[in-house]
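Same order as they appear, the protein sequences are chains A and B.
With the first sequence counted from 1, adding 683 to any position gets you this note's numbering.
With the second sequence counted from 1, adding 206 to any position gets you this note's numbering.
The set of hints was computed from the structure by calculation and includes no laboratory data.
Glycine residues also receive a C-beta, built at the ideal position from the N, C-alpha and C atoms.
Each hint should be verified, as a subset may be incorrect.
Reference listing, derived: stretches of chain A covered by chain B, where coverage requires no fewer than 3 residues with Cβ under 8 Å from a Cβ of chain B [to be verified]:
no., region
1, 848 to 861
2, 1019 to 1026
The following residues of chain A were derived to be distant from chain B, with all beta-carbon distances above 10 Å [stated by the list, open to error]:
no., residue
3, Met823
4, Lys866
5, Glu890
6, Leu908
7, Val1009
8, Arg1240
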Amino acid sequence: MKTHYRVIVAFLLLAFGSEPGRTQQPAPAAPMPPNLQNYKPVTAERLRKPDDGDWLMVRRTYDGWGYSPLAQITRASVTQLQPLWVMATGVTNGHEAAPIVNNGVMFVATPGNQLMAIEARSGEVFWRFTRPLADDVIRMHPTTRGVALYGDRVFFASGEAVLVALDARTGKEVWTTKVDENKSGYYLSVAPLVVDGKVLIGTSGGEFGIRGFVAAYDANTGKELWKSYTIPAPGEPGSDTWPQGDQWKTGGGPAWVTGNYDPETNLVFWGTGNAGPWMGDQRPGDNLYTSSTIALDVATGRLKGYFQYHPNDSWDWDEVSPPILVDYRRNDRTIKGLINVARNGYLWFLERTDGPIRFNEGVPYVKQNVFSSLDPRTGRPNVDPARKPGTGRKADFCPSWWGGKNWPSVAYSPQTRMIYIPANENLCATMEGRAIQYTPGRNFIGATTTLYLAPGADHIGEVQAWNVDTGKRVWTHTFAKSTNWGPILATGGGLVFSGGTSDRKFRAFDALTGAVLWEFPTSSGIIGQPVSFMVEGRQYIAVQSGWGIDARTMQSRLARLSADFSPVPEGGAIWVFGLGVGASRPSQ
Amino acid sequence: MRGRFERRTFLKAGIGFGVGLRLADPSIAAQEDPASIRPTEGDLLVRLGDSSATPLGPDDIPLSARPTMAWAMDPADKTVRSGSRLNQLLLVRLDPVTLTPETLSRAAEGVVAYTAICTHEGCDIDDWLADKQHLSCACHFSTFDPKDSGRVVEGPALRMLPALPLKVVDAKLVVAKPFTSRVGFGEPPL
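So here's chain A without its partners, still in its complex pose:
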């Protein structure tokens, strides 16, 4: 009871006890807190091999597993998990960022271009940074997916297409670099990735007629080192997959989710969004390198390989989620793998090399009626033309434009050798295109849509577990009356944590069986990435709760179909959980 009281008190105090909405460059008249005085710089080595108790990048490790080896919270003890502190962020809308934790200092990014440094154990705020936005800023998805750390700096991709480096100890800006022109529709929501002293980002804005790119900046100075476009210019490899003319300049292919990285080959694997405008018949050709994973040499930005999940997209299937790097077994062979759960409804088992990405197998993980088959050698799908919308031609298809899985991250556990997928099943759509003219900074979509439930549907949201060595599904947990927009965390305690549902609950699943072992209703719906960290020998689980962005939009569309999909309470908060006093906390 006492703990619950403290949690409520902290929530209210932090909601009203500060003055949000201002750039609060700290004026530390008081001495710098010891945690910041002794701030532990983040080195390249620490990024490659983080301590078990740290969570230094959005998916914790370069391979994108979203896995913490911490094992203090177990299948047995998780029932005693309880909130230890909670803090209102002061903003609404979708809170998607992972809390990043370095040696007990937590960095949390929120909507509203806000970033906070917090004492991870207690919730005490060290500093708060807000970067003002113009009232006519273009941001179709006004969120952030997190920050990156390197040295004693924090890197934040500000919404108006500006990259910002802050002093981790003070929250003061060290440098800023304009990434591109917001008035033309370029904006940022991605969490940066630091590799070898370079800060990598990808752009948002695919619905505004941008030309997508991934770019690298010097961590010390902010100087642009390279900028690799996802659409080739005339004469470059792949340019023959676009019509002649200027469509390559406005063809979309954004890159709004952080890529994963292979230190062995110095390649970063980054996902790209769909081409624009949405109707493929307005841009005949495969439209490389949209709806693809691209392999870029971090040293130069040069494209070394790619895999396109479907050519000539007409369904708004961004394939921005990067594949995770997992070596899996097939036919008595270990394959240096890339595994991607694509928005197009297929689960892809690929092979990484020092360049080309090879196809191995693809299998639908939700209802998918667009691909009649895959080429067994290349993986190129054969598309049913009746399921492909066009200009003035309506088509219906499954999964919907939101995909079987959208951006929320999968997790992989090396203990179970399973990947865990936040999926949405039984959602289908109709879409009809129309001609549209490009105007800088205006929508460049050209389609009208409806969403519908597949006949006989008894649920939508799912958490799926697949064994990477067999390529088979092991278990599925279904949510009868909710979608699932929850990124996933796997831990060494044999657990899988995730939210994602409209009932605001945060859950722990048995990683082996899918049994729900613990759940807790938070302040809003959770679409943020959960993490785990350790301070002074105690394991914590942290996540942001704050419903919004596409989860809210999907809820609104479903509310037209059923009373089950009522609005979800909004307002962001950071929640930190741990085992209660007296719970078993064996040493690591």
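Please arrange chain B on chain A, whose structure you already have, making use of the hints.
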């Protein structure tokens, strides 16, 4: 944030609950540039992309058809107010008998004007649902009724579309009054 937390503070916080959860809007950019200020009484309207900046009249707007995109223009010095995307306008011509009294009072020979910026997340309202004569945003699908003051028909937007009252002067569409409410998206500053 430090220090002991007393019961009085808790009660104060509780009283304030519900009004302080959001950040105030960040800075409002200065809009002294004539091209960036909001449409003003007496402004003419010109089609978006029309380099000749020919003022529009009611007959230039097709009846019950997809909206015409427009900017306001200062009639004195011909400054087109295209400096801010928040100034983009939707013009729709509708049968006056289908308009609510309030909307009819803002219409000029059946032509109504609304902001083209969705009140939800600021996307362009670029879809026309012809069967119901509704405006819709292709980003997040909020739908508005231009016959009824820009009322929200379907969310996620919560706020109606700001309307721009019009009149006809010398057969041209002219801005009669400023926008009926704040143009833009998100929550107003606290």
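Hints, one by one, checked against the model:
1. 848 to 861: violated (count 0)
2. 1019 to 1026: With 0 residues closer than 8 Å to chain B, the region 1019 to 1026 of chain A misses the three-residue bar; violated.
3. Met823: Non-interface label on Met823/A violated, nearest chain B Cβ at 5 Å vs cutoff 10 Å.
4. Lys866: 7 Å, violated
5. Glu890: Violated, since 7 Å does not exceed 10 Å.
6. Leu908: Leu908/A clear of chain B: closest Cβ-Cβ about 30 Å, beyond 10 Å.
7. Val1009: 34 Å, holds
8. Arg1240: Violated, since 6 Å does not exceed 10 Å.
When each numbered hint is compared with the structure, violations occur for hints 1, 2, 3, 4, 5, 8.
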